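Listed below, chain by chain, are the residues.
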Amino acid sequence: MNSTNKLLLEAKGITKYFGTITALENVNLKVHEGECLGVVGDNGAGKSTLMKVLSGLYKPSAGALFFEGKEHVLDSPKDSQNLGLEMVYQDLALAGNLPIGENIFLGREPTKNIGFLKFLDFKKIQEMTSAHLEKLKINVKSADQKVEELSGGQRQAVAIARSTAFNAKVVIMDEPTAALAIKEVGKVLDLINKLKSTGVGVIVISHRMDDIFTVCDRVMALFQGTNFAESQLDKTSRDEVIGWIMGKK
Amino acid sequence: MDDKEKKQDSLYVKLIPYFEKYGILLLLVIMILVMHILQPDVFLSWRNVTNVFKQISWQSMLALGVFMVIVTAGIDLSVGSIMMLSLMILAIVAKAGAPWFIVVLVPLFAGFLCGLINGLGITLLRMPHPFIMTLGTLYIFRGTGNLISGGTPISGFTDEVRYLGHGRIDLTWLGLEKSQYLPVSLVLIAVVYFVFWVFLNHSRTGKWIYAIGGNPSAARASGINVNKILIIVYSLCGFLSGIGALILAGRTDSGYPNAGLQSELDAIAACIIGGASFFGGRGTVLGVFAGVMIMGILRNGLNLMDVSSFWQQVLIGSIIVLAVYVDVLRRDFGTRK
Numbered sequence: 001m002n003s004t005n006k007l008l009l010e011a012k013g014i015t016k017y018f019g020t021i022t023a024l025e026n027v028n029l030k031v032h033e034g035e036c037l038g039v040v041g042d043n044g045a046g047k048s049t050l051m052k053v054l055s056g057l058y059k060p061s062a063g064a065l066f067f068e069g070k071e072h073v074l075d076s077p078k079d080s081q082n083l084g085l086e087m088v089y090q091d092l093a094l095a096g097n098l099p100i101g102e103n104i105f106l107g108r109e110p111t112k113n114i115g116f117l118k119f120l121d122f123k124k125i126q127e128m129t130s131a132h133l134e135k136l137k138i139n140v141k142s143a144d145q146k147v148e149e150l151s152g153g154q155r156q157a158v159a160i161a162r163s164t165a166f167n168a169k170v171v172i173m174d175e176p177t178a179a180l181a182i183k184e185v186g187k188v189l190d191l192i193n194k195l196k197s198t199g200v201g202v203i204v205i206s207h208r209m210d211d212i213f214t215v216c217d218r219v220m221a222l223f224q225g226t227n228f229a230e231s232q233l234d235k236t237s238r239d240e241v242i243g244w245i246m247g248k249k
Numbered sequence: 250m251d252d253k254e255k256k257q258d259s260l261y262v263k264l265i266p267y268f269e270k271y272g273i274l275l276l277l278v279i280m281i282l283v284m285h286i287l288q289p290d291v292f293l294s295w296r297n298v299t300n301v302f303k304q305i306s307w308q309s310m311l312a313l314g315v316f317m318v319i320v321t322a323g324i325d326l327s328v329g330s331i332m333m334l335s336l337m338i339l340a341i342v343a344k345a346g347a348p349w350f351i352v353v354l355v356p357l358f359a360g361f362l363c364g365l366i367n368g369l370g371i372t373l374l375r376m377p378h379p380f381i382m383t384l385g386t387l388y389i390f391r392g393t394g395n396l397i398s399g400g401t402p403i404s405g406f407t408d409e410v411r412y413l414g415h416g417r418i419d420l421t422w423l424g425l426e427k428s429q430y431l432p433v434s435l436v437l438i439a440v441v442y443f444v445f446w447v448f449l450n451h452s453r454t455g456k457w458i459y460a461i462g463g464n465p466s467a468a469r470a471s472g473i474n475v476n477k478i479l480i481i482v483y484s485l486c487g488f489l490s491g492i493g494a495l496i497l498a499g500r501t502d503s504g505y506p507n508a509g510l511q512s513e514l515d516a517i518a519a520c521i522i523g524g525a526s527f528f529g530g531r532g533t534v535l536g537v538f539a540g541v542m543i544m545g546i547l548r549n550g551l552n553l554m555d556v557s558s559f560w561q562q563v564l565i566g567s568i569i570v571l572a573v574y575v576d577v578l579r580r581d582f583g584t585r586k
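Heads up: the sequence lines are chains A and B, in that order.
Mind the numbering: the first sequence is residues 1 to 249 in this note's numbering, read in order.
Mind the numbering: the second sequence is residues 250 to 586 in this note's numbering, read in order.
Everything labelled a hint here was simulated from the structure, so no lab data went into it.
A portion of the hints provided could be inaccurate.
[Claimed, not checked] The list that follows gives simulated cross-link-like pairs (lysine-lysine, BS3-like), each with its CA atoms no further than 30 Å apart:
#1 A:Lys-137 <-> A:Lys-70
#2 A:Lys-12 <-> A:Lys-194
#3 B:Lys-477 <-> A:Lys-52
#4 A:Lys-187 <-> A:Lys-137
#5 A:Lys-59 <-> B:Lys-477
#6 A:Lys-124 <-> B:Lys-477
#7 B:Lys-477 <-> A:Lys-123
#8 A:Lys-249 <-> A:Lys-235
#9 A:Lys-6 <-> A:Lys-169
#10 B:Lys-344 <-> A:Lys-112
#11 B:Lys-477 <-> A:Lys-146
#12 A:Lys-123 <-> A:Lys-59
#13 A:Lys-194 <-> A:Lys-124
#14 A:Lys-30 <-> A:Lys-70
#15 A:Lys-124 <-> A:Lys-141
#16 A:Lys-141 <-> A:Lys-30
#17 A:Lys-135 <-> A:Lys-30
#18 A:Lys-135 <-> A:Lys-123
#19 A:Lys-169 <-> A:Lys-135
#20 B:Lys-344 <-> A:Lys-118
#21 A:Lys-118 <-> A:Lys-135
#22 A:Lys-12 <-> A:Lys-183
#23 B:Lys-477 <-> A:Lys-78
#24 A:Lys-78 <-> A:Lys-30
Predicted model only: the values in this text are computed from it and were never measured.
Please model the complete structure; the sequences and the hints are all you need to start from.
Following this line, the structure appears as structure tokens:
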């Protein structure tokens with residue numbers, strides 16, 4: 001993958017203060033169509049803060065976000081979703097008491113009108129869920145199953161399915177394999193490769209070198225809230241990236 | 250996992266939804282049967298059954314409101330006080346000679362406003378838990394009700410005002426006797442519960458109420474305005490308490506300072522017995538109705554048998570503890586570790 005593909009998302013000079021604490025300082029980031037960018041860094045390096053800025057959950061203190069070449073100000077996760085920017089959170093952000101389908105469409109449920117009243121269209125939710133899970137080759141017993149009945153890997157798959165159900169152009173994943181059993185990690189990584197092949201730009205935040213070196217095309221390291229290093233994956237090595245995380249070049 | 254284990258697992262998974270949905274109805278049916286056996290002549294008589302419905306009519310409104318709040322993993326301790334304040338305002342407006350349609354609308358509006366105050370306090374003042382905000386308003390609303398009425402009962406309403414709580418639907422055209430009428434409050438319960446069942450299960454807002462109870466950060470990340478939904482929920486809970494006040498006005502023909510005292514605890518108990526979970530996100534409208542019925546039938550049946558009200562307290566308390574223990578077991582089975 002290279003930068004001749006269309007540039008989807010660009011963050012320029014992102015700075016974020018929490019009171020007197022500087023969480024991010026002048027951070028830049030780019031993702032292209034069908035590309036996977038790995039973001040690494042130690043705890044507190046600013047990875048999660050950066051992702052929350054990109055998803056509209058936090059407002060940056062300074063800096064600008066460009067989507068497909070146009071500058072946008074994000075006031076809420078809704079704004080980023082409308083642009084085609086989706087986030088898969090580390091804590092999965094699923095409601096365990098609701099079925100798979102209702103989780104995938106949570107906040108964007110299809111409705112049918114009877115008079116002036118809007119009712120949930122459960123049939124449509126069911127059909128769209130089955131079709132979408134089929135497309136991503138995600139196996140569950142039924143779309144009606146409650147999320148709390150699923151394994152960690154299945155939940156992660158549902159979270160990823162949720163992020164791509166509305167033709168997302170960029171998907172940001174925070175530690176997508178951290179909570180998974182080893183045998184489930186491979187399936188989730190396969191799913192990420194499938195997303196890339198459909199032209200989605202993916203940002204993966206991960207501690208796991210295996211993840212980064214399996215799915216990513218480019219890797220960047222944050223250190224104490226700043227851009228520390230960046231490289232195409234084939235021009236670096238695991239040891240070098242681990243060094244970046246610890247602040248050594 | 251070997252085959253045998255798999256089969257067992259799927260049997261659990263298959264049974265749990267049925268247990269969650271209909272287990273409480275089973276308990277209700279058993280109770281009705283037991284009461285019928287103990288009091289064969291009286292318990293299922295027309296007069297007694299309509300009595301039970303009249304007795305639970307206003308409690309069922311409070312319970313439904315508190316239920317919605319509990320689904321969001323919140324709590325509303327102020328519903329009894331909201332009802333009392335709405336009732337006092339109704340009584341004062343009625344005594345001032347306002348036309349009946351104003352008198353009927355006033356408690357609904359007052360209840361809604363009280364709920365709105367709860368909702369705004371919890372979200373805008375960022376109270377650490379709804380318990381604290383509604384504990385505060387439990388005192389504030391009742392105190393206000395006593396201030397405006399001077400702490401004395403105000404009695405005597407017109408028939409129109411009393412219709413929802415006291416009205417009778419004549420069934421003699423069906424060939425029934427004059428004493429076999431349908432209480433208007435029973436029809437009201439059915440209509441209100443149906444409307445809220447549709448709201449909670451078939452509207453987006455209803456689904457979001459459940460989602461907030463299941464995982465508030467998931468709801469927020471999905472672009473749901475959690476604070477707005479919470480304000481709606483507490484306002485509706487207040488509105489239902491206002492309906493409760495209107496029913497009580499009809500039943501007692503009086504606004505009185507002790508109205509609804511401790512009824513918030515009855516409302517919470519009915520929700521818990523009906524299978525709503527304090528952890529949020531769980532419970533059904535049908536379950537709440539069953540919870541209200543179970544408490545109503547227990548009180549009614551024990552009264553018929555001349556059992557002291559002290560025993561009623563002990564029994565209701567025991568049922569609450571038992572119901573929550575069942576909830577604990579259900580979580581153990583229902584959630585994969």
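Going through the hints against the structure:
{"no.": "1", "hint": "A:Lys-137 <-> A:Lys-70", "verdict": "violated (34 Å)"}
{"no.": "2", "hint": "A:Lys-12 <-> A:Lys-194", "verdict": "holds (28 Å)"}
{"no.": "3", "hint": "B:Lys-477 <-> A:Lys-52", "verdict": "holds (22 Å)"}
{"no.": "4", "hint": "A:Lys-187 <-> A:Lys-137", "verdict": "holds (10 Å)"}
{"no.": "5", "hint": "A:Lys-59 <-> B:Lys-477", "verdict": "holds (21 Å)"}
{"no.": "6", "hint": "A:Lys-124 <-> B:Lys-477", "verdict": "holds (27 Å)"}
{"no.": "7", "hint": "B:Lys-477 <-> A:Lys-123", "verdict": "holds (28 Å)"}
{"no.": "8", "hint": "A:Lys-249 <-> A:Lys-235", "verdict": "holds (14 Å)"}
{"no.": "9", "hint": "A:Lys-6 <-> A:Lys-169", "verdict": "holds (11 Å)"}
{"no.": "10", "hint": "B:Lys-344 <-> A:Lys-112", "verdict": "violated (47 Å)"}
{"no.": "11", "hint": "B:Lys-477 <-> A:Lys-146", "verdict": "holds (26 Å)"}
{"no.": "12", "hint": "A:Lys-123 <-> A:Lys-59", "verdict": "violated (38 Å)"}
{"no.": "13", "hint": "A:Lys-194 <-> A:Lys-124", "verdict": "holds (25 Å)"}
{"no.": "14", "hint": "A:Lys-30 <-> A:Lys-70", "verdict": "holds (13 Å)"}
{"no.": "15", "hint": "A:Lys-124 <-> A:Lys-141", "verdict": "holds (18 Å)"}
{"no.": "16", "hint": "A:Lys-141 <-> A:Lys-30", "verdict": "violated (38 Å)"}
{"no.": "17", "hint": "A:Lys-135 <-> A:Lys-30", "verdict": "holds (28 Å)"}
{"no.": "18", "hint": "A:Lys-135 <-> A:Lys-123", "verdict": "holds (18 Å)"}
{"no.": "19", "hint": "A:Lys-169 <-> A:Lys-135", "verdict": "holds (16 Å)"}
{"no.": "20", "hint": "B:Lys-344 <-> A:Lys-118", "verdict": "violated (41 Å)"}
{"no.": "21", "hint": "A:Lys-118 <-> A:Lys-135", "verdict": "holds (29 Å)"}
{"no.": "22", "hint": "A:Lys-12 <-> A:Lys-183", "verdict": "violated (38 Å)"}
{"no.": "23", "hint": "B:Lys-477 <-> A:Lys-78", "verdict": "holds (15 Å)"}
{"no.": "24", "hint": "A:Lys-78 <-> A:Lys-30", "verdict": "holds (21 Å)"}
Checked against the numbered hints listed earlier, the structure breaks hints 1, 10, 12, 16, 20, 22; every other hint is satisfied.
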